[in-house]
Amino acid sequence: MSLESLQDIWLTYQSTVAFIGLNGLLALSVYTTLSCGQLSLAQAGFMAIGAYASTILTFHTGLPFAVNLAVATLLPALVAIPLGLPVLRLKGVFLAIATIGFGEVVRLFFVNLDFTNGALGLTAVPQRTSMWMIYAALGAALFVLWRIRGSRTGHALEAIREDEPAARTMGIDAARYKLAMLALGASFAGLAGALEAHYTYMVSPSTYSFSRVVDMLVYAVVGGTGVFYGPVVGATFLTALPEVLREVSSRIGLAPGPVRLFVNGLVLLLVILFLPEGISSLPRRVRGALQARRRARAS
Amino acid sequence: MLLSLQDVRKTFGGLAAVDGASLSVGSGEVHGLIGPNGAGKTTLLNMISGLIPPTAGTIVLDGERIDGMPSHVVASRGITRTYQNIRLFPALTAADNVLVGAHLRRDAPLWRRMLFLPSAAVEERAAQDASLALLARVGMSGQAGERASNLSYGDQRRVEIARALASEPRVMLLDEPTAGMNPAEVVAIAELIRSVARTGHSVLLVEHNVKLVMDVCDRITVLDFGKVIADGTPTEVARDPAVIAAYLGGEAAA
Chain U
16 MSLESLQDIW LTYQSTVAFI GLNGLLALSV YTTLSCGQLS LAQAGFMAIG
66 AYASTILTFH TGLPFAVNLA VATLLPALVA IPLGLPVLRL KGVFLAIATI
116 GFGEVVRLFF VNLDFTNGAL GLTAVPQRTS MWMIYAALGA ALFVLWRIRG
166 SRTGHALEAI REDEPAARTM GIDAARYKLA MLALGASFAG LAGALEAHYT
216 YMVSPSTYSF SRVVDMLVYA VVGGTGVFYG PVVGATFLTA LPEVLREVSS
266 RIGLAPGPVR LFVNGLVLLL VILFLPEGIS SLPRRVRGAL QARRRARAS
Chain L
106 MLLSLQDVRK TFGGLAAVDG ASLSVGSGEV HGLIGPNGAG KTTLLNMISG
156 LIPPTAGTIV LDGERIDGMP SHVVASRGIT RTYQNIRLFP ALTAADNVLV
206 GAHLRRDAPL WRRMLFLPSA AVEERAAQDA SLALLARVGM SGQAGERASN
256 LSYGDQRRVE IARALASEPR VMLLDEPTAG MNPAEVVAIA ELIRSVARTG
306 HSVLLVEHNV KLVMDVCDRI TVLDFGKVIA DGTPTEVARD PAVIAAYLGG
356 EAAA
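If you read the sequences in order, they're chains U and L.
Heads up: the first sequence begins at 16 in my numbering, then just goes up one per residue.
Heads up: the second sequence begins at 106 in my numbering, then just goes up one per residue.
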């Protein structure tokens, strides 16, 4: 393969590579709250806050991009705390509904904000996100979650996920841990939102609708939430899949759009039915099956 | 007295589950709490551990009122418990369950681990060793790496006791620790309870196994229909006509 064709391939697929990183970060933001058993669907709202904050700073101040990104990371976490104090008292589906409500409130706030051009949003956002920033952010998020696992904090989160009242009688301040995880997930989402806005040149409320949260949740479920990197595996798989499908569907003469939705739905269904712990559990399962077969042959 | 309950009441709707109960547990004492089914024993433990607030009355631990405190604060004051219907963290290993129990005793700020400081690794090592030692103490060292949900009923109870001990409580509440155990296992638990008391922890023991209660308890409180009907040493309680009536039926006393 010549150097030119390699370059062509990179130009064709670099936006896919960028979106794998961004979607991975978003999937981690859902995972963060799931890791202590809380299903928060407010992530698109936090993402919008981060995206708008950094875009407004870019348009109206001369601050360096690093500062904008820092604001986009911290502001959603600050919003998450007053949101979480009442909302995290709710459990299961009630928490999910309340957080969907928050996401919609944020979206409608930006739809009605004339300052940011309402429903049309802001276009011609300067492109300031480079590939390394996306992957540095993803790497940082993975690092934090990796270090939490197996720590005193990590054990407390697992205990809350397994049995919250029992965890509390062990002296674990469940409310504080849940709030901290909501804030951490919010900051991941805010950072991803800011990076995406400065990568796609635009920010508009419709980007942060409910269906965006569903995407994030599907990444996490397909990848598996048993391990911290599972959601990134799911995001990688489901972001790369449409590219493959586009090739395939053009060869067999079908429109790529419906095929993509169909295959996404199929993948989700197959994973839930046959791989409830997600794609990331596949190597472990294969190893287990091989061992079982070897043992059966030995006996 | 280390732990004392004064006129504690709990009503659910119109029904009084605990109807003005008073009892006190001394330091290093094994205190039995017995009574027929539905007498309010578990409700009383739930109130002490802060899972449910009492409707009336006071609960005092070492001079501090703890009634109405959230359960994690009660735990931080030195009260941990086991559950009648075992509540281990099923997906965690036996060792990790005990490690969670040590939550209050660990000084392990996350930033140290983030920076890979040696002190973090040292602390983790020590915490893991301590949890393995506790599992050994309850006779479970062979299954430290086993998922809690895979353990047998009796083994789960022993891990739960190790988990409660991991916080080095001043008072440990045991809710029917020998339910579902065979006689040999019951003897081991009795020995364990005595050794816990010898190391200075108080134990409040809810138990149906009368022989065990008579063997290990220094004092016994008998509850019936939410009221204390007797309180004293095992021999006193065993002779008490009200207790005999409660256990054998009302006519026996008449």
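What the hints contain is simulated information worked out from the structure, not anything from laboratory work.
All values reported here derive from a predicted model rather than from experimental measurement.
Heads up, the beta-carbon is just placed ideally off N, CA and C, and yes, glycines get one too.
Wrong hints could be hidden among the right ones.
Part of the chain L face toward chain U, derived, beta carbon under 8 Å [said to hold, decoys possible]:
(1) 170
(2) 197
(3) 303
What the simulated footprint calls covered on chain L by chain U, stretch by stretch (three residues with Cβ under 8 Å from a Cβ of chain U suffice, anywhere in the stretch; the number is not a length) [said to hold, decoys possible]:
(4) 173 to 187
(5) 306 to 314
(6) 323 to 335
Derived Cβ-Cβ restraints for the label pairs, each shown as a range [claimed, not checked]:
(7) U:154 with L:227: 47 to 57 Å
(8) L:158 with U:164: 34 to 44 Å
(9) U:71 with L:255: 32 to 42 Å
(10) U:303 with L:195: 18 to 28 Å
(11) U:303 with L:241: 26 to 36 Å
The hints, checked one at a time:
A distance limit of 8 Å between C-beta atoms decides the matter here; for residue 170 (chain L) the minimum to chain U is near 18 Å, and the interface restraint is violated. Taking 8 Å as the C-beta cut-off, the interface hint given for residue 197 (chain L) holds, the closest approach to chain U being about 6 Å. The beta carbon of residue 303 (chain L) comes no nearer than 24 Å to any beta carbon in chain U, farther than 8 Å, and the hint placing it at the interface is violated. Given a C-beta distance limit of less than 8 Å, the hint that chain U covers the segment 173 to 187 of chain L holds, as 8 residues qualify and 3 suffice.
Restraint check on the segment 306 to 314 of chain L versus chain U: 0 residues with Cβ-Cβ distances below 8 Å, three needed, restraint violated. With 0 residues bearing a CB less than 8 Å from a CB of chain U, the segment 323 to 335 of chain L misses the requirement of three and the coverage assertion fails. The given range of 47 to 57 Å is broken by residue 154 (chain U) and residue 227 (chain L), whose C-beta atoms sit roughly 27 Å from each other. Taking the beta carbon of each, residue 158 (chain L) and residue 164 (chain U) are about 35 Å apart, inside 34 to 44 Å as hinted.
One distance hint, 32 to 42 Å for the beta-carbon pair residue 71 (chain U) and residue 255 (chain L), is violated here, with the actual separation near 54 Å. Distance hint check: the CB atoms of residue 303 (chain U) and residue 195 (chain L) are about 19 Å apart, consistent with the given range 18 to 28 Å. Between residue 303 (chain U) and residue 241 (chain L), the C-beta spacing of about 29 Å keeps the proposed range 26 to 36 Å intact.
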